[in-house]
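Protein chains: 6
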Amino acid sequence: MSEFNTDLPSIRKVQSYTKDKNAVAIKLLTNDILEGTILWQDPNCLCLQDQNNQQILIGRHAIAFIRPK
Amino acid sequence: MSEFNTDLPSIRKVQSYTKDKNAVAIKLLTNDILEGTILWQDPNCLCLQDQNNQQILIGRHAIAFIRPK
Amino acid sequence: MSEFNTDLPSIRKVQSYTKDKNAVAIKLLTNDILEGTILWQDPNCLCLQDQNNQQILIGRHAIAFIRPK
Amino acid sequence: MSEFNTDLPSIRKVQSYTKDKNAVAIKLLTNDILEGTILWQDPNCLCLQDQNNQQILIGRHAIAFIRPK
Amino acid sequence: MSEFNTDLPSIRKVQSYTKDKNAVAIKLLTNDILEGTILWQDPNCLCLQDQNNQQILIGRHAIAFIRPK
Amino acid sequence: MSEFNTDLPSIRKVQSYTKDKNAVAIKLLTNDILEGTILWQDPNCLCLQDQNNQQILIGRHAIAFIRPK
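Residue numbers (this note's numbering), protein chains in the order written: chain E, 25 to 93; chain G, 25 to 93; chain B, 25 to 93; chain Z, 25 to 93; chain S, 25 to 93; chain A, 25 to 93.
Be careful, since some hints might not be right.
Which copy? The list can't say, so a pair holds if one copy fits it or any two copies do.
Here are the simulated lysine to any residue pairs, SDA-like style, with alpha carbons at most 20 Å apart [as the list claims (entries may be wrong)]:
(1) Lys37 <-> Gln78
(2) Lys37 <-> Leu63
(3) Lys37 <-> Asn77
(4) Lys43 <-> Pro33
(5) Lys43 <-> His85
(6) Lys93 <-> Asn46
(7) Lys43 <-> Leu58
(8) Lys37 <-> Asn76
(9) Lys37 <-> Gly60
(10) Lys43 <-> Lys93
(11) Lys45 <-> Asp66
(12) Lys93 <-> Pro67
(13) Lys93 <-> Gln75
If you're looking for bench data, these hints aren't it; they were derived computationally from the structure.
With these hints in hand, go ahead and build the complete structure from the sequences.
Structure, rendered in structure tokens:
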């Protein structure tokens, strides 16, 4: 992550997914697709709660893309 | 992304795709090819609107190349 | 790892896994899944103790995600 | 890209390919091989014109190697 | 490698493998597993001596994990 | 590449391969193995001359390891 600046649209978009508890799908560089709601984000990671209510700590560098589920 | 400087030709090229709503294909390091129009870019991500009008938040580090569709 | 700041939720989450000796599963970009308890973390690596009590030094850049086992 | 310094031999080599319109093959981390002539380079990307005259914007981080075609 | 600081436990762990000539297995992002003893480390690389006494210069960024053999 | 400092053993090792025109094998993250002699190195790339005397510009970030051939 080169910049964790909350003015950036990419950070704000994840913030809105988090606030609105939108269901998202996160595609990783491993080709895993993780589904759930984003609990929080920081400069290094996103924390996703999946359908089993498990919290998954995802490295930003490993994320290919995020889309609404 | 080492530099997000809007004087750079690579940033300007994505800006022109965005302004002109050109249809593009984005090849990712996962070998996914995402097609659509670029809504915006920032130092960390591009936001692509696909043919289902879904907004896909793509990490720059995960992009191999972008070409016109 | 862009930031090793112990105020960050992602660092604190790994600290709590470590302190509580939670069993975790760590998915790597190689698609390996390593299971065990986290002994410590630093800006570059995590040290995991597996079920054979072997200590595995994992590069942060190679971690896709961490979840409870 | 750690350094975009035009004194570096790697930057100069790409500049000479560009100036002389040499046909090159670019192998990506996705295992794609893109062939064409390099139009320009900047700290983040190379722009390649392929045999269909399409301009392909390639992320430097995604390039494994470049060789003459 | 974000930090090459010999106070870090991850650097010290590799130093101890080196000093004690422990046999280690190094898993790379290519899924290669290289076995041998670590001769030295620096901010960019580790140098491993394999069972044929060949010295292999390994990029830190390519290492997924290191474990005792 | 975090540091291009010619005091580092990893830089000096590549310098000695270059000076002595040692035949080396370079394993890439793509799983390609490129063989030849190293002509030069800079902070971003190595230039390898293969058995067809072709010069291959290799991104350091794409190199998993280098060993004598």
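Please flag the earlier hints that this structure goes against, numbers listed from lowest up.
Hints 5 and 12 are the ones this structure does not satisfy, whereas the remaining hints hold.
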